[in-house]
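Protein chains in written order, with this note's numbering: chain A, 1 to 386; chain B, 387 to 620.
Simulated from the structure, these hints should not be mistaken for lab results. Since the model is a prediction, treat every value here as computed from it, not as a measurement. Watch out, some of these pointers could steer you wrong.
List time: in silico DSSO-like cross-link candidates among lysine-lysine, alpha-carbon distance up to 30 angstroms [unchecked claim]: (1) B:K582 <-> B:K453; (2) B:K453 <-> A:K303; (3) A:K18 <-> A:K249; (4) A:K97 <-> A:K18; (5) A:K303 <-> A:K26; (6) A:K249 <-> A:K221; (7) A:K18 <-> B:K531; (8) A:K97 <-> A:K303; (9) A:K26 <-> B:K531; (10) B:K531 <-> A:K249; (11) A:K110 <-> A:K159; (12) A:K97 <-> A:K110.
Here are the chains, one letter per residue:
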Amino acid sequence: MPPMSPRLEPGILRIAYKLLVNDRPKFVALLVGITFAVFLMIEMTSLFAGILLRSSSTVINIGSSIWVMDPAVQTVANTIPLPNYVLDEVRSIPGVKYAVPLYSGSALLKLRDGTYQAANVVGLDDTSLVGSPQMVSGNIQDIFAENAFIAVEDSEFYKLGNPHIGTEFELNDHRGRIVALARVASSSLFGVPTLYTTYYRALQYIPNTRFTISYVLVEPKTAADVNTIKARVAADGYLALTRDEFMSKISRFYMYQTGIGTNMLLMTLISFIVGLSISGQTFYTFILENIDRFGALKAIGAKSHELVSMILFQATFVALTGYGFGVGLCALIIWLARAHLPDYAAIITFPNLGLAFAMVVVIAASSSYFGVRRVLVIEPFDIFRG
Amino acid sequence: MAVRAIEAVGINKWFGESEPRTHAVKDVNFEANFGEIVYVVGPSGSGKTTMLSMISGILRPNSGTVKIEGTEIWNMSADALADFRLHKIGFVFQDYHLFPRLTTAENVAIPLVLQRRDWDESLAEARRDLEVVGLRDRAQLPPVKLSGGEQQRVAIARAIISRPDIMIFDEPTASLDGETGRNIVQFVREHLLSDKRCIVIVTHDSRIYEFADRILRMEDGRMTGVERSQLNAQ
C-alpha cells in the first residue's frame with residue numbers, strides 16, 4: 001500500500017465538479033440565486049456610489065486643490081457665504097500660490113418659451129477663470145461678453161430647452177445669453193442644469209446676502225504647504241479641505257445624515273439574505289440528496305478532509321461563477337441604463353465589488369458549513385444499516 | 387501457518403451509553419480464509435450487518451480484536467484505516483450507492499481516483515472492469531439508465547477495481563429477482579474468487595446458498611452455528 005500524502009488530487013475535485021454541474025436543476029438554482037444576490041448587492045452599492053459621486057460634482061468639476069469654507073458647510077450645494085476678508089487672509093498665507101473666489105448658487109431662469117427652470121450658477125473668478133469647464137463649442141473668452149453664460153451639456157442640458165449659442169433667457173429680470181457650450185466630468189445630483197459665468201456677473205444677476213463668496217479656491221505652492229494653509233485657515237475660524245477631504249465630508253453627510261445610506265444598506269442586506277436563503281437551502285438540499293453516497297465514499301476509503309474539500313470546492317465554484325455572472329449582469333444593466341437614461345447615476349467601484357465578494361464568500365461559507373457538518377457526522381455504518 | 391484473511395476474536399458491540407443498551411453483537415469469533423466465499427446468514431436484527439461492519443473496519447467494536455491479513459485494524463488511526471479499506475477491501479452495498487450524476491465508468495473509477503491515480507488512467511481501468519462484468523457498452527450511461535442487475539454489476543466493478551484482497555457484499559441479491567441474483571453470485575464465484583481473495587457475503591437469500599464455501603448463522607447477536615453449503619456437501 002503506497003503512502004498517502006495529504007495533498008489533494010484534482011481527480012477528487014473533478015468528481016465534485018461533475019456531481020455539481022451534472023445536477024442541472026440545482027446547479028442552475030444555485031447560480032441564479034448567487035447571481036441575483038450579487039447583481040442586487042452591486043447594483044445597490046453602485047447606485048449609492050454614483051449618488052455620492054454626483055453629490056460632489058461641483059468639487060470634481062471645479063477641480064481646485066484646496067477649498068476654504070465655513071466649518072458648518074455639509075455639502076457643496078449648501079454654501080455659507082464667506083466675508084471678503086477671508087479671501088485676502090488666505091492670499092496672505094505663505095505657501096499659497098493663488099486664491100480666488102467662487103460663487104455657487106441656484107437661480108430661477110425664465111426660458112424663451114415662458115417656462116421657468118431652476119439652474120445652478122457657478123461664478124468663476126473674473127481674472128483667472130479658475131475651474132472653467134472644457135469647451136464643446138464657443139470660446140471661454142466669450143464669458144466676458146455682455147450677459148454671457150456658458151451652458152453645460154450634461155444630463156440636465158435638455159431642461160434648458162437644448163439651447164445653442166445665442167439662445168437667450170431671463171434671470172431675475174436680467175437678460176442672459178448662451179455664448180458657449182461646455183462639458184464637465186460629473187453631472188449634478190440634483191437634476192438641475194448648470195450655467196457658468198463670471199463671479200461678478202453672478203453677484204449682479206442673483207440676489208445675494210451680505211457676504212458673497214461661496215468658497216475660496218486655493219492652489220498651494222507645494223504639497224508640503226497644504227497643512228500650513230489648513231492650520232492658518234483654521235486659526236481664522238474657517239475650514240480648508242483638500243479636494244478629496246471635501247468629497248469625503250460630503251459623502252459622510254449623505255451616508256450618515258440622510259436616509260439614503262440606511263436605505264441602500266437595507267436593500268443590500270435584503271439582497272444578501274435572499275441570496276443566502278436561496279443558495280444555502282439549495283446547496284444543503286444538494287448535499288442531503290447525496291449524503292448516502294458521501295457515506296459510501298467514506299466506507300470505500302475517502303477521508304473526511306477529502307469529502308470536506310469536495311464540498312468546499314463545490315461551494316467555491318458555484319460562488320465564484322455566480323459572482324462573475326452577477327458582476328457581468330450588473331455591468332450590462334448599468335451600461336444599458338446609462339446609454340438610455342443620462343441621469344442614471346450608478347457606478348461600479350472596486351469597494352463595491354469587494355463588498356459583494358465578501359458577502360458571496362459568507363454565502364458560500366454558510367452554505368457549505370451545514371453541508372460539511374452533515375457529511376462529517378454521516379457514518380459509513382449507516383450506509384450498511386440502510 | 388498461512389495468514390488468515392480475516393480473524394475476529396471476541397468482538398462485542400453495543401449501542402447506547404447507559405442501560406438499557408442494545409447489545410448487537412455478543413462475543414463473536416469469526417474467521418475467513420483466502421480462496422473461500424463465506425456467507426453470514428440470519429434473521430433481521432441478528433447482528434449480521436454490525437458484525438460485517440466491524441470486521442471490515444467501518445464500525446469500531448467495544449471489545450475484541452479484528453485482524454485482516456494479520457494486521458490489527460482497530461489500532462490504526464482513522465486516516466490509516468480509511469487507506470487500508472481503500473486498498474484492501476472492496477464493498478458492494480445493498481443499495482449500490484452509485485452517484486446518479488456520474489457516468490457508469492466514473493462511478494467505477496472512484497476508488498482509483500481516491501487512490502490519487504490519474505483520471506484518464508482510472509477511467510480506462512474502469513472500462514476494462516466494466517467489460518469484466520459485461521457492461522462495456524454501458525460505460526457512458528448514468529447508473530439510473532441501467533437495470534437493477536446491471537447496477538449491481540457496476541457496484542461490483544467499483545469494488546474490484548482496486549484489486550482488493552477482501553470483498554464484502556451486503557445483501558447482494560436483495561433488490562434483484564431470483565434468476566438475476568443467482569447469476570450475479572455465480573459470476574462472483576466464477577470470476578472474482580481466487581486463491582488470493584476472500585469474499586464475505588451477508589444475505590437472507592437461501593437460493594444462493596449453493597455458491598458458498600461456508601455458511602455461518604447469527605441469531606440475537608451471537609454466532610449460533612455453521613452450516614455447510616450444498617456446494618460443499620456435493
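Hint check:
{"no.": "1", "hint": "B:K582 <-> B:K453", "verdict": "16 angstroms, holds"}
{"no.": "2", "hint": "B:K453 <-> A:K303", "verdict": "21 angstroms, holds"}
{"no.": "3", "hint": "A:K18 <-> A:K249", "verdict": "51 angstroms, violated"}
{"no.": "4", "hint": "A:K97 <-> A:K18", "verdict": "67 angstroms, violated"}
{"no.": "5", "hint": "A:K303 <-> A:K26", "verdict": "26 angstroms, holds"}
{"no.": "6", "hint": "A:K249 <-> A:K221", "verdict": "24 angstroms, holds"}
{"no.": "7", "hint": "A:K18 <-> B:K531", "verdict": "18 angstroms, holds"}
{"no.": "8", "hint": "A:K97 <-> A:K303", "verdict": "71 angstroms, violated"}
{"no.": "9", "hint": "A:K26 <-> B:K531", "verdict": "20 angstroms, holds"}
{"no.": "10", "hint": "B:K531 <-> A:K249", "verdict": "66 angstroms, violated"}
{"no.": "11", "hint": "A:K110 <-> A:K159", "verdict": "12 angstroms, holds"}
{"no.": "12", "hint": "A:K97 <-> A:K110", "verdict": "40 angstroms, violated"}
Violation of the numbered hints given earlier is confined to hints 3, 4, 8, 10 and 12; the remaining hints are satisfied by the structure.
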